[in-house]
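Engineer: Those protein sequences? They're chains W and P, same order as listed.
Letter by letter, the first sequence follows residues 1 to 212 of this note's numbering.
Letter by letter, the second sequence follows residues 1 to 212 of this note's numbering.
Errors might be hidden in some of the hints.
As the list makes no split between identical chains, a pair holds if one copy fits it or if it spans any two.
Claimed, not checked - Calculated pairs, DMTMM-like style, for lysine to aspartate or glutamate (alpha carbon to alpha carbon, straight line, at most 20 Å):
id, residue 1, residue 2
1, K201, D161
2, K189, D164
3, K68, E198
4, K113, E24
5, K189, E24
Derived by calculation from the structure, the hints in this document are not laboratory data.
2 protein chains.
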Amino acid sequence: MKDRGILIVVSGFSGSGKGTLMKELLARYPDTYALSISATTRSPREGEEDGREYFFVTKEEFEKMIAKGDLIEYAKYVENYYGTPKNYVEQKLEEGKDVILEIEIQGALKVKKAFPDTLLLFVTPPSATELKSRLVGRGTETMDVIESRMNRACEEAEGMDSYDYLVVNDDLDACVEEMHSIIRSEHRKSSRNRAFMESMKEELIRLKQSEE
Amino acid sequence: MKDRGILIVVSGFSGSGKGTLMKELLARYPDTYALSISATTRSPREGEEDGREYFFVTKEEFEKMIAKGDLIEYAKYVENYYGTPKNYVEQKLEEGKDVILEIEIQGALKVKKAFPDTLLLFVTPPSATELKSRLVGRGTETMDVIESRMNRACEEAEGMDSYDYLVVNDDLDACVEEMHSIIRSEHRKSSRNRAFMESMKEELIRLKQSEE
């Protein structure tokens, strides 16, 4: 039997390239990972498909999911709900897949509280200088845009400490492998191998007794 | 400047093959790792060299090291002292090397208490059945030998839970890479990158102010 998968939350600075990173990770290891699909009440945009980008539901359906506890976490932006359906995630974890949630820090902390075994990864550019230049852009942005990006980055930075690991996105290829390696290593944590350790202990004691 | 190295304690079942594993890890990554060399009051055996297998010291010298706090941990087996000199370890950590201590569980727990950042790895065969067959041997061992190995394995198993990671030694090559990967990942832990996060935050705030 395959071990149960790990629930992984990936957040990161805007401009950290985490979207591309996730796509590449899933493309390279399709049998290892599953990307959680959010439910939302907003309308599908052109090219978006129900069950691929999002599960598109009505406001009534979404509120029913909230009431029944069917969401791992949810939030309301402007007039639309966004949330993570529990069923899909549970099913993939049972299949032994590591399930990745790409959400913001507030959602990440809610998930960690509800499921303390969740692995929190934060994607960051390699240096403040690099982040700075990505935020300021190529000199074509208005002051308003730069200011709002700056405010956002400062808020995002405040949350970094709550994450388990920092994933430095310098080179995409290296970064995908680093992330994969962090998650593989996580499977070897003692706290995730209690059953293995118990069976080892029991069998050793049984064998010792049979020798006496 | 290279980051400071990580202090790593490796323990494991007798017969887990951890000695071979360590040798191979150091041979493959000589610039990454350093093996801590213990001090001992026992006499050198044939072929052993001072400063390679052990630092061979007198009882008086050893007791002076204890008194001066020059040892990370020490223990007395039969009539001989064994201990880990702090200087050598500190020097290698400063050079940015990850320093590996191959010691028993009691020593491991003492080190973790004194240096909470220590990474504890436990090497185990892939299953209780496999461990069992390694312990019983090939049917050529006396009952006494088997019983003493069994008692020891049961004691060692009790300590597994205190370690951070389990390293499963099935295939030597894969196991060396797994151990290397766990240690590489450990360097990405948020708790080991406080300075990086602080400088990111400070620079972002500075930049935000300069825009206002």
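Engineer: Compare the structure with the hints numbered earlier in the document and write down the numbers of the violated ones, lowest to highest.
Structural biologist: As far as the earlier hints go, 3, 4 and 5 are violated by this structure, in ascending order.
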